[in-house]
Structure formats: structure tokens, C-alpha cells
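S.K.: Okay, here's what each chain looks like letter by letter:
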Amino acid sequence: MKKYIFISTIVFVMVSVISFTSCRKVEREPKDWFGANLVFDSLDRNGIVAGFNLNDIYNYLPGGFNRINNSAGAGDFLDAASGDAVPSRTNAPVEYYTNGRINVLNNPDPYWANSYYGIRKSTIFINNIGVVPIDSLTKRYWKAEARFIRTMLYFELLKRYGGIPLLGETILTTTDDLQIPRNTFAQCVDYIVSECNAVKDSLRKESDITDAIWGRIPRGAAVALKCRVLLYAASPLFNGGGFETDATKKALTGYLTADASRWQKVIDAADEFKLLGYYGFNPTSVGTTFAGLFVTKRNIEVILQKQSANSTTLENTQAPVGYGAPAASQGLTSPTQNFVDAFPTVTGLGISEPGSGYNAATPYTNRDPRLAVTVFYNGLKWLNDTTRTYEGGKDKPNISTVPVQTRTGYYLRKFLGNYPSGTTYSSTSHNYIIFRYAEIILNQAEALNEVGRVEDAVTQIKLIRARAGITAGATSRYGIKVGINQAEMREIIRNERRIELAFEEHRFWDIRRWKIADQVLNGPLNGVKIVRTNFVLTYTPFVVTNAVFQNRLYHMPLPYDETTKNLALIQNEGW
Amino acid sequence: MKISLPKKALTFPCPCRSEKFKLPWLLALLLMVCGPAFGQTLKTFKSKVLSPIKFPVGGASVQNLKRGASIYSAADGSFTIQAATGDSLMVTAMGYNAAYQVVSETEQPNIVLSVNDAIVQVQSVAPVQRMYTSVPPSLNVASTGAVYNADINKTPTVTFRNTLAGRLAGLYMFQGGGGPGGDGASFNLRGQAPVVVVDGVVANITQFDLEEIESITVLKDAVGTAMLGVRGSGGAIVVTTRKGKVDKQVVSFTAQTATQKSMGFPQTLGAYDYATLYNEALKNDGIAPLYSAADLEGYKNHTDPVKYPDVNWRDLVTNKSSSLRRYTLSATGGNKFARYFVAMEHLNQDGFFKTVDSNSYNTNNNYKSYLIRSNVDVSITPKLSTGIYLLGRILNGNEPGATTGTILSNLLNTPNNAYSPINANGTFGGTQQFQNNILAQTIGSGYRQNYKRDMLVNIYLKRTLDEIAPGLWIQVKAAYNASLSENVTRNKTFAVYQPSATTPTTYTMYGTNGTQANGNAIENQTRSDYEELSIGYDRTFNQKHGFNALVIANRDNAVSNSDLPYTISGGAARVAYNYKGKYVIEATAGMNGSNRYPNNGATKMGFFPAVGLGWNLEQESFLQKSKVVSRLKIFGSYGRTGNDNAGYFTYIQRFFDASTAYFGTGASGNTTITEQPLADSNITFEKAIKMNLGINGALLNNHLSFGVEYFRNKYYDLRMQRGRNSAMLGNDWPDENIGQNRYSGWEGTIGWQKSNSRFQYYISANISLLKSEVLFVDEVFRQYDWMKRTGKQVGQLFGYVADGLFQSQADITGKATLDGYTPQPGDIKYKDLNSDGIINQFDIAPIGNTKPLIHYGLTVGTSYRGFDVSALLQGVQNRFIYLSGGSYWAFQNGGFGQAYKENLNRWTPETAATATYPRLNVGVNNNNQATSSYWIKSGNYFRLKNAEIGYSLPASLIGRIKVQTIRIFINGYNLLTKASSSLQGRDPEVFGNSYPVQKLYNFGINIKF
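Protein chains in written order, with the numbering used here: chain E, 1 to 575; chain C, 1 to 1009.
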């Protein structure tokens, strides 16, 4: 019996030692960690931490520089898949869009997970900011900003895929039924428009945005987004023009039937935008303003940008390859001859039109001033030197130690700092512009033309051209002929949009919504071979690559993974 | 000593008829196994085991070869065993030759052992090390395997991990690199990662003096590891260090020096071949050639090495061989009051980088260790003993400033013609693309050092409580481990210069020539304390009922850097009963948990019980007289184990900093905070149900031994993300306890050994077969059966099934092709599994090996007079290698990458019939680089892992100089390898850009006095 008493005593001691040690006063969970209760804190009078949470939601605003396949260093511009350029590196994934290799598994720009991550984070903020005791005005601004970004992300999905599942104010959990079907295109457009309408008056007025908080969503952004989504909705591809044979699939990716009155909504949205005041074209001297627009953070032309720190990243990735450190650059984008040819001469007339003054022997003189701001061509000043893209020139040396160089004879100049005479780069503002005033003007011009108000459209285009530095001409019509008809004007508007908004991720989507990609992106993409003999340059166009386009590429394929995880998702037609 | 005859002859009745049998729950079992009574006159045999200098040898195993029963000698060397006249007793102890004693009627002398200096290890009957205890082999019902000091010492390596390859059934070792101080192979025990237990304390330390290891035992099944509780699922590697014995002092000194040579490395192409192939690849891509005829001529003739460089980068910066030196001094001895084993070791392992004298510091990879071990046991009183075991380590590393890993990957990223390492003006060469001159990275980028120091203390105090109950004892134990790792960087940047193509005397500079930037940082700081209280009871009643019980309470508290302590606390118990050593039943259980669970860091406790049964058949009457069967045991176990895989408070839904957001015209950065991956508040342990069945034995007077085991383990509640982790949730899914895998397999061992005083030899082989199956992964919708992951091997590779190369345009016509890709002749052809005319996600099926992994080892050894020879061969079957990426494909890395010898055998119209590589292209090719069976190569190999020849100088020669033994030896590591020729000389373990596995030739001398 004594044994048992002894053993029990020992066991008792053991148990008490163990339990005693665990009763010590110790930090049992990491107290430095923030949970939702500290992020949305009912005692946080200044909303400091909640503000940090909102800051992160801004990271989900879409960017566009070097974006496609940027996981392994600098990626390519999406516009390198629009026919305006080709990537200088061969076999770059951005070329899948023009060589037909996109499929459900292979899409370098799915934007699906990223969007839904941003949507969730916005909704968490919207649903929880209520408990934070900040002043009601700030709270109203903040909530509207998060709602705008969420709406923007839905639009990013919509333009890629057509209708997508709209989650509203729901924050999904792992126990929810995630077999969520897609909403129709019409429902999504209505939702985006209604959200824009709902938040626009709750956002800050442009005049209330101080320099210190520049980058916060202004009212204009909500109207601009509404204008853009309505423009897309009115465009041929979506406005009853879908290729789908199956009505369910067609309703997912566009309206079932065409309705010309949808253009009027674009005009109204643009008018509403103009009523906001504030925005306009820079009144300063012609020519420099367009270049300065992209390297100045605050600007009355800019509606919304994705903010970034100043850097030399774009110069180092895009400028011509013939410079050494610290101005060494990779020249990753090669704009095509097709794109260069789209620029009119300074008269506003296309290069093949009589009276344009275009001379094939000196192809870059007397051109639309935007050309020199958008592409590097042979002879353009840069870093106190001259761009030399003739065969064997320092920017196209054709030697093995420089394996990446331009494939077309051009480099991308747009967005880069103004260094024609500098000797090196300094950190430059590289905010990516999401909305700017010129787009609103172009949207309105397009809609006006489509509803038959051709001359009203001309008025809008003249604004763009005047700012660009095109000469007014004797008729003061900036190269637009008198008595132009709707079809001719449509071509002018589309071309103007191409060169004005180049490399700003418009062209890729524009040729889709206009349903012209199968024509303009199905054929040769050209470059120019410049041979210098005895200081005389001869220019010979050549085919760099042949683009192919299939109709199914009008809408992106839903990621295969997602369609196997959520069986309620209907895949777009053709994929 | 006079053997006293018992008054009355004992007869062993059938246990089920025994009146004193008080454990009715054993009845059923024993009913099945009880044999007929046997009438033998047994008496109690008493003797003492002594060392050559007549010191008592404690812990020696005494086995009645006739009857199988075995016991251990007490600390004073004495033992008592039941035996009949004429029985043969075998006495074995580590470090001594086995001694045989025939029981006779006459007076028995003490049994004096002779020292075993031969390094050839013959069958061990040493006790089986288990968690917190050791048991005689015949009473062990767990699945175990062990390696002893003599074998461990044969491998010239830094960690003891490498010594285990091929030696133990069920343990698969994979060596993923061979860098100085970083050559440790990874453990894979029945498909799992085991914990390492050093002297009874879980401590993941594998890098110490090999001579201080007494034995390494693997515990493979549930009954062996259930006591580890939530750390038991992976099995355990139990390391026991050497302790002092009651014996004369022996001082041992060993000096070894080895030459290391790198095993296979990808063979790169010379500049001419590279440029030629590059042009061909561009042509295939429809792009104009990059290299002109003049360029090719230049590469071919090597006329201008600056303009037309052709650099074998590997030869440029690495030496063919490097050295490893090791010096070990140890002393052991003791008396009945105190016993000690102390050792010191210094090891110096060089890497293979070349150095230059102009640097005042060493830029080569290097590893130096200084180890001190002190194991002291003290008997304070006859009943109270204590021990202090200490290990101190200083581990210093050195490497080039650019880091070894960077240089190694650059060796495979940089074509031979990329740039000239040194320009005409003596500067480092480079280009815009290659700004990291490999030579400059090796000798001109400064250096980095790593200092690790740690200390492990292990203390116990044990009191026997025979006064309360004979065989009862109590022990307290504590361990402390403090470790610090510090990085010192003294690196610098360098500029490279590219000569202008037109005027070679002008240079474009890339990078900057920096001065040495010095810094130090604590890389890692950990400490852990361990406390244990155990009570044991070990007694045999009436020479029949062996009873063994152990109850433990313990707590393991680890702190890593600034993390909150990770504490595993709880207890464990073991109860074992045997009837006359014939029938064995054992139950073990662990009940513990860790403080990483809801709510508020609570300790979630789990209960992990296991039971094992064993039956020693040789003691049954029908086998007792057998001349063939010496030992025969059937055993098995079943139980549940746990694995604590909670992570760091992952059940808490946390918000944390995200990327900086910018606002304001000044573009100032702003703090962000965001929801982290979703938390799983239902988190629990991972668990396994394990079954093990085995039979082992020895035949022909113990000369032939064998063992076969089968296991079937089901792992469940594995933490993993759901398969249906739709991104629409808007965040990363948590790991949830949903996964289920099954591992099962067979293991077999067989050995033959024979010895006499002058000559001994042995040969033994082991083979293991490991099969795995995914039982549950929350499978997403899969259109076709071949796409399903469930039911396939764990980690099964999936891809397209290659069907050779397209040989001509006609061959392509009508064939299914990759969605959106227009193939050309020379591209890989894939099987259209669903016959829809297109190769897409529906044609993805299991590729590579789908059969169970088989690994095996074979050891042979012999000794004759002073000579001893041994060898270990090790191999693996049903393994594959997926060769891909920049270390195998040509022109990767965005088109700037290297190309290799095997790329020469690419498809061209001329070589269509013999090509083993598709047509060339630059950079990415969606068709040819898709995951497919085309790139699967056999990973089977067979290595002469280790071989040793030793010679011990005869006593007649050394006796005069008062030296006990002098032994000189030569051994080697990774001496010969037979691998698939499709690897083109690559090593089957390191085939990419990791530090190559080393082949070592080692020479050493050991002196004992």
C-alpha cells in the first residue's frame, strides 16, 4: 500500500509541476499582432490603422508599365500585343496574344485572382469602417474610395471576360458555397454604373485634394469610369454584336441585341464629367505639355493615376540600348512601323494623303509632334546624343553581346523622362495614368459620331489635335476635311485614339470592342530596316512577324483552374 | 565461483495453467501461443563479465544461445541467468569481441572479454535503443534498425546523416549538395521526415564528431514512437553518444586527411558550338542569325580571346580537388565512482573555389568546426547516480562575397562566349546582360563568414528505489541547448567593362567598384530547455513474469529568435510484460501537445497509444532442439501517432503590412496593413494510424540472420489547402486538416557472418519498398480519370505523355497539337489521350515513375590478422529525374542562357532518326517545354558509397612503445556510381546548380594508448 501512496505522491508532484509552470504569467499569443479588432478599432479616433488598410486597397488599382509577365523582372506593355509594338525579347509571353497561343491554361494577364483579392479587401473595409470613430466626412470619403476601387476591379474583369460573379457586400468564408455563377454582362454594367453614381458625390472634389494627398480618388474618377464602361457597353462587340451562338453565353459577354441609344449614355456621362469643372488641357506651350503629362504627378489633365515612387525604372527598361551605366537600358519594347505610320504629319493629314507633306526619304520630319514623344526613331535626340537605329548603329548594333535590341527600328519613348540633353537619368515621376481628360474627349467624340452628330465629334477631335500641336490649317479643321461623313470620321476618331492613348492599355481593348481585331491584328507587323551608306539613310520596311487573331480572343478565357473549382462558372465561347 | 545447483529442478508449466498467473487479459493471447511443457533442468548461472584488465563490464549482453533468454550484466559486471548444463552462453558488449561460455557442472571462471579492434562489425546483440529506454533484442516488438560506431566512422563526412545511406532498411537518404559543412543528406524514413533524438532529448543536431556516437537507431513504427506524442508520426532517429565504462583509461587519437573531388556537373558547350547552335535556334524561330561567319571563325580559332571569348567558367573558378582534414582526440575510462568519455575534434573542409594571393583574406568556401564532448557519469552513492553530458560546437563557415549559390547558378547561366573574364586592359569583362563577372564574383567580391556556436547540456539524476520495490527507480533529467548563428559580411561590389565593338580601347562600364562593406547580423538565435521526470519499474517475478513500466512527464520549451516559446508538454508511458521472454506484449502511449492552438495559445493535448506483440518461437519446445533455427521472432504493432504542424499561431486571423502605397506629389511612401491568408480556427494535429508486422531470426548457429517487415500507415488530418480553393474567396486559403495519404511497404534484411579469433567476415543486405497513395486531396472537377490525383502516388508528377518527335511536316499533319501552337518537325509529339484532336489540359496524365520506390544497401566486410576490409553499396530503383530549366535546356534565361553537350544531339532534318533533344529554339517554347514525359530521365543509381581498408599493427610491434593499437586506414565515399547514361554525366543526386556531391579519398591513422 505504501508503494501506491508513494507513486501517487510522485504523480501528483509531476502533474502539479507541469500545470504550475503553465500557469505562469506569460505572453501566450503574439501581442504585436493586429487582428480585425485593432485595424477597425472603436477607440482609434484618427482612424490611423484603418487608414493603413485603405492604403493597401490602393495597391489594387491597375497599373500598366512593364506589366505582362513581370514576375521575373521587367515584363512587357500590354500594348505590345495590340499591333502597336512587339516585345524586343523573342518568345515573350505577351506575344501569345498575337500568335494564337492563349488558352485556358496560358494567359499571361488573367487578372482574376488579383481582382477578387482586391474586391474582398475593399468589402472588408467598407463593412468594417463603420466602427471607427473618425469624423463622418473622412469616413464618407474613405468608404467611397474603397467602393470605387472595388468597382474599378469589376470593370477590369468585365472588359476581359464579360460578366463575372458580382459579390456585392458579401465577404466569403471557407464554409460558404463557392459555386457562384457569373452575372450577365448587362447586370455587371448596371452594377458598375450604379456604384459609380452612388460614390461619386461622396468622393473628394478635385479642388479639395491637396498636394499631400494627391492620388486619392477624386469625383472625376467615378464619372470617368462610368463613361468608360458605358462606352464599352455601347461598342459593337458588346452591343449585341457578340459571336456567341449560345444565348446564355452571349448574355454573359454582351447585350443580346443592339441598341444604338446606348451611345447617348456615353455622351451624357462625358457631359456630366465636363460639368465637374477643374479638368482641361494644360494651357502652356504646345508640344512640351504632352510629354510632361506623363512625368508630372499633379496635372489638370490627370483624373486618376496609380501612384508610384519616382524612379528610373522605365528609362532603364525602355530607352535605347546604346548607353552604358548608369543610363544603361534594355530597350524592351519595339513599336511597329504600322504604329508609326498611323501618325499623321503636322498638318493632321495621314502620310498617304495628298498634301500631307510626307517624304519617305525623311520619314520623321514634319510629323505629328506626338510621334517624337511616343517613339524613339532614328535621329531623335536622347541623352545629349542621337538615337541611331540604322543597321550597325549604336542602338541597333546587331552584335552578339547585345542580344536584345529593337526588332523594328524603334523604341518606346512615351512615359520616359525628358532627357534629350541630359547626360544621365534622375528619378522621374512614373505614375501610371488610369484616366485622363483626353480619353473623355475621345469617348465623347466617338459616341457623338455614332449617334450621327459628326460635326460635334469633329469639334472634340480638334481639341485633341490642337493640344497635340497639329497645325490648324486654312480651314481651321486640323486636317479634318470639310463635309466628312460618319464612316470617315469613325476612322479618324479611332486613329486619334490610337496615337493619343498609345501604350496606355487602350488599343488592346479598343480593337476588340470595335470588333476590328480580326482585321487589324491578322497580318504582318512591320519594322523598318535603315541602311546607312555614305551618311545617306535608306528606309526599307520589312515584316517582323505575322499576327494571327481568332474570334475567340475577343473575350479572354476564364482561368481553367477556376472553372474546375467553381463548376457554376460558364466558360466563354471558343475556349 | 561455484555454481549453486537449485534444490529442486524447475519445470516450466504451460503458463495458462499457472496458478500465479494474474493477468487474465493476456490469457487469450497466450492460449494461442503456449506450447507443450518442456522438461529441462535449469539452474541459476552466476558469473561476472570483465574487461581484459579485469575491470567489470556493465551492460554486457548475456544470451543463452540455446534458450534465447538474455539479460544484461550489472554495473559491477555480475549477472545471473537460467541455464542448463551444456547450454552455450554468448556475452557481447560494445567494443569487445563476443565471448562464448559453455555452462558446465564445474566451477565457472569470470568471463573475460577481449577488445575488438577490428573495424568489421559482426552481428550486434546490443540492447535496442528505444525512446527513453532500451530493451533486449528478443523483447523488442517495435520496428527498429541500428548502426554502430565502427560503421559510422568509416564515412569521411561532416554530418552523421551521410553515414546512414544504404545501411538501414526503411531509411532512404538523399544528398542534395556537397558544399563544405553543408553535405547533410535528408532523412526519409518510410516516406516521412523523422525527428532526431540525441541521448533521449529531441534535438535536431546531426553535425558532430562521428567518433562520439555509440549508435544510431531508427524507430519506424507506432509502438516505437508513440511516446513522442505529437512528434512521433515521422519516426525517430535515436542517437546515443558514447559513455565511459568501468575500465582502464583509453586515449585515442585519429588524424585523417581526405581529397574531395566533385561528382558530375552539366557539361557546357564551347563557344563555337554554342554560337553555331544559337544561330540554328534563331533560324528555327524565324529570326536572323546573331553570329556572323567571322564570329564563328573567331570562336573556332580562339585567335582573340577578348573579342571571341571561350571560357569554361567552371574550370576558370573551381579547382579539381579540395581537402578535408579531421583530428579527433578522445579519452574514456572510469571506475565504480565515475566514468567519462571526453572528446575534441577539429575539422577543416575546403571548398573548390580558386583563390588569388593578392587577396589578404580567404575567398574560398570553407568550413571549420571545433567540437568538444564531455560525458561524465558519477555514482554519488550506490543508489544515486548522476551524469552531465556536454556538447560544445563552434562551426565557422566562409564563402565568396557574392555567395556560393549565386556563383554556382551563374556557372550554368553564363554561356562560354558571354564575355572575356579579363579585358585587354586587365579589368573585369562583362556586358549589359552579364554584369556579374563570375571570376570577379569568386575572387573580387570580398567574403562572407558565418559563425555558429552552440552548447548542449544534458543532466540527469537517478535514484534506485529498491527499498520501496526492487526494480523501481526515479530519475529527473534536464537539458539545455543554446545556439547562435552570426553572419559577417565583408563583401564588395565590382564594375565590369565592355570593350566597344568598334574601338576596343574604349569601354562601357557596368556596376561600380565599391569598397568593402562590412556588416554583421545575427542570422538565428535559438534556445531550448527540456525537463523530464521519469519513474521506472523493471522486475522479473518468479523468473517468469518480466514486467517493465515507465511513466514520464516532460516539457520541451524552445525559443527561436523573437518568437514566443514553442512548448510541447505532457507525458508518456510504457508498459511491457513478457512471459519467460517468450511472449511479449508492450503498450506505449504519449499524451502531450503544444501551445499553438486556440484559444489564446492553449496547449492542445492529444493521446497517442500503441500496442505491440511478440513471440519468440525458438523458445517453444518444437524449435528448441532445432539445429537450424537459432532465433525466430514474430512481432507486430498497431497504434496512432501525431504530428504537430500548427505553424506559428496560424489559427489567428492576422492583419499585417503589405506593399507600400504612395500618395502626394512628393510620392511619399505610406504604411499599409491588410488581411493575411485566412486562418483555420479548427486546426489540430496531423495523425497517423500505423501497422507493422515482422518476422526476424537467425539460422545455423546465428550465422545467417534475416528479417522481413510489412507496414501500412495511414496519415490523416494532414494540413493542406483544399483542392477547390477558388480565388473568388479573395484571399489565400488556409491549410486545413483534410489530407489523407497512405504509405505502405516491405523491408527485408539478410546477413551472413562468421568469425573466429583470427578471421571474420560478414555480408548483409537490406532492401525496402515504399508505396504511397493519395487517399484524399479535395479533388477538383476532373473531366477524365487519368487526370485525377486521388489514388495516385503522393507527389505524383503530371504532364503530357510524349510520343517522340515530329519527324516531318507530313508527320504533323492530322496529329493533335498543343492548343494554339503550330509545331514544326523536331518538336515533341504528345499523346492525345481524349482523342479530341488537341493537346490541352485534358491530356495531362501521371508521368515519370508510378511504381513504388525501391532502395537497397549491401555491406560486406572481412578481417584477417591485422587487416580489415569493408564496403557499402547503395542504390535506388524506380526513381526519376525531371531534367528541365536552365541547367539542361539550351538558351534559357530569356535567351541568354547556357547550352550543354546533350543539346548537340538536337533534332535536325539530318539527325532526325537519332536525335534525343527537340529542335533548338531560343528562350521559351510552349510546346517543347511543357511538363511532359519527354524530360523524364531515369534516376536509378547504384553507388559504391563507402569502402575501407585498414591495418592494425601487430601487438608485438607496438607493445614495446606502450601503445594499445595503431591502425592505419584508407577509406572513400561515393567511390563509384552507376547511373543512367541519359543524365550525360550528371550526378543522380545533384544534377542542377547546387554544390556538387563530393567523392572523397581519405587516409587516416588511429592510435590508442
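Treat the hints loosely; a few may be bogus.
Listed below are the simulated PhoX-like cross-link pairs for lysine-lysine, each with C-alpha atoms no more than 25 Å apart in a straight line [claimed, not checked]: (1) 604(C) with 31(E); (2) 394(E) with 307(C); (3) 604(C) with 714(C); (4) 25(E) with 283(C); (5) 1008(C) with 962(C); (6) 529(E) with 604(C).
Stretch-level coverage of chain E by chain C, calculated; a stretch enters the list once three of its residues show a Cβ under 8 Å from a Cβ in chain C [said to hold, decoys possible]: (7) 33–47; (8) 96–106; (9) 204–214; (10) 324–335.
Hint data in this document are derived by calculation from the structure and do not stem from the laboratory.
Values in this document were obtained by computation on a predicted structure and should not be read as measured data.
No residue lacks a Cβ here, since even glycine has one placed at the ideal position from N, Cα and C.
S.K.: Please go over all the hints and tell whether each is borne out by the structure.
M.R.: Do the hints match the structure? See the list:
Between residue 604(C) and residue 31(E) the CA atoms are separated by roughly 20 Å; this keeps the pair inside 25 Å, and the hint holds. With a C-alpha separation of about 17 Å, the suggested pairing of residue 394(E) with residue 307(C) holds against the 25 Å cut-off. For the suggested pair residue 604(C) and residue 714(C), the alpha carbons sit about 22 Å apart, so the restraint of at most 25 Å is met. With a CA separation close to 73 Å, the supplied pair residue 25(E) and residue 283(C) exceeds the 25 Å bound.
With a CA separation close to 10 Å, the supplied pair residue 1008(C) and residue 962(C) stays within the 25 Å bound. For the hint linking residue 529(E) to residue 604(C), the alpha-carbon distance of about 73 Å lies beyond 25 Å, and the restraint is violated. With 6 residues carrying a beta carbon less than 8 Å from a beta carbon of chain C, the segment 33–47 of chain E meets the three-residue requirement, and the given coverage holds. Coverage of a stretch by a chain is defined here by at least three residues with a beta carbon nearer than 8 Å to that chain's beta carbons; for the segment 96–106 of chain E and chain C the count is 9, and the condition holds.
Here the segment 204–214 of chain E counts 4 residues with a CB under 8 Å from a CB of chain C, which clears the bar of 3, and the coverage holds. With 4 residues bearing a CB less than 8 Å from a CB of chain C, the segment 324–335 of chain E meets the requirement of three and the coverage assertion stands.
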